[in-house]
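Chains as they are written, first to last, in our numbering: chain A, 1 to 295; chain B, 1 to 295.
Derived by calculation from the structure, the hints in this document are not laboratory data.
Honestly, I wouldn't trust all of these hints.
Straight-line alpha carbon distances no greater than 16 Å define the calculated EDC-like cross-link-like pairs of lysine to aspartate or glutamate that follow [as the list claims (entries may be wrong)]:
| hint | chain 1 | residue 1 | chain 2 | residue 2 |
| --- | --- | --- | --- | --- |
| 1 | A | 179 | B | 25 |
| 2 | A | 149 | B | 12 |
| 3 | B | 179 | A | 25 |
Protein chains: 2
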Amino acid sequence: MDFKEELKKYQEIINCELEKYLRKEQCPEEILNQSMEYSLMAGGKRLRPILVLATYRLFRTDIETCMPFAVAIEMVHNFSLIHDDLPGIDNDDFRHGKPTNHKQFNEATAILAGDGLLNQAYIVISNTLQNTKKEELNKKIAVFQEFSKAVDRMIAGEFVDTEFEGKPISEDYLDYIHKNKTGALLTLCVRMGAILAESSKEDLDRLISYAEKIGLAFQIKDDILSEEGNEEILGKPVGNDKKLGKCTYVSKYGLAEAKEKLARLTKEATEELKPYREKAEFLIELANYIEKRNK
Amino acid sequence: MDFKEELKKYQEIINCELEKYLRKEQCPEEILNQSMEYSLMAGGKRLRPILVLATYRLFRTDIETCMPFAVAIEMVHNFSLIHDDLPGIDNDDFRHGKPTNHKQFNEATAILAGDGLLNQAYIVISNTLQNTKKEELNKKIAVFQEFSKAVDRMIAGEFVDTEFEGKPISEDYLDYIHKNKTGALLTLCVRMGAILAESSKEDLDRLISYAEKIGLAFQIKDDILSEEGNEEILGKPVGNDKKLGKCTYVSKYGLAEAKEKLARLTKEATEELKPYREKAEFLIELANYIEKRNK
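Produce the complete structure using the sequences and hints provided.
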């Protein structure tokens, strides 16, 4: 199957699963559900859950095992987007070409929908633990622990990013922001896939290195798109980082160096996967996709 | 031991445990940690963790088993207070006689500190699952599941409360708000204590009935204090509910009927505990304390 087809197929599977795991309780909180669904189903790339599934498939085929965790990580990702967009943080009006959650609903709803999505991820995890056979429990509990720690790092990364808005920032701190705000969840994806598939320690290390590199590449590409992307394709205004005085890879090192680093990281990431040969084809293409994407 | 002494002793134990389980990672996110600690250690009554421990002690003495869950529920409670106080929701300036989190720090920090506390609760739970013997795992996973569902109900209750601000509200909806916004966590406390102590189904039902009644009593008392409490003792302005046009038990039924209902609920709650005789003395006094408290 060609990469774009396979990516689309993955996205369809994920979208279908997300609908299943959404908050269902209705009356009188319909609007809360709608608000959570609005952001979760707004058409993201589903990069994180796809990374979980594709990592798992390097080793095993029964992807149902990791589906709840794949769904949970997408919920957490969307919770973070809703809260980051809030007037009190980035104050963004558009995402994926649609009004942000607080613009579509209101601020109170957006705060609580974000809270609800974060918590829903843990409802999904607790349900899957409850339905797990004894001999499989240990690895799922390990995944739950990794999950909660990665979310913590993501929140801390977002905090430091916000703290340094409009201030000069050292290379170390910029690195910290990238590694945590974006990197923590992306690394978690491969970690979850590998732990659930019971991969070797060597495989795990290799995959984490791949994920760290594409995580940083993803963030640098985000910074580049935020500087010179196409607003219509991106579905959000370009130049907001600059306006807010955000310190990004681009503002610190310039466009040329950022692009060079992006290409180098992508190459290094794909090299990590060579031992898996054709089995890793999709993950290799995924790294290239992150480098070349225009939204 | 007299009730007030025992309450104080419990509070000291909880405060000491909370410090242990706080987010520790430092540099460069010290302020995030400070903000989480600021609200968590601001001097709440610790009603929820105490309820977990006191319920557990009806049946067993080794309270260390439920300590992580007691800590986690207090973290969730404080996350909900930080977010409820935000300008986008209740816009409150004071809590426990101190500036609210977003007043002391800023809005972005308060949003992320709330997120961090909610997630920290799940870090604590995942760590305790990781360190649990196989034969004890089932009940702790059941507690994790109840925990995540109760937090969801709390968020939904807060959402409906916010939605109906300044609008007329039916008795059913007011009931829904009380049962979920405050009741869900209070019921969770006894549920966790009873499940962890492996109580009988009959005991569980009895304790849930007790918790539902003191939960509603707690909310009604809150509404009464918000109308006629002493600002200095309360540590927050009185009359905010009225100003916001919040529909409360008092605004809907009047002070006299609210007080009557409060007394009736307290009496019914304590009657549920009669079978436990002197063992339940503390929980009975706790119900009376909720009725009589002036903050």
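Quick rundown of the hints versus the structure:
1. A/179 with B/25: Distance ~15 Å between residue 179 of chain A and residue 25 of chain B Cα, so the pair holds.
2. A/149 with B/12: violated, 28 Å
3. B/179 with A/25: holds, 15 Å
Hint 2 from the earlier list is the only one contradicted by this structure; the remaining hints agree with it.
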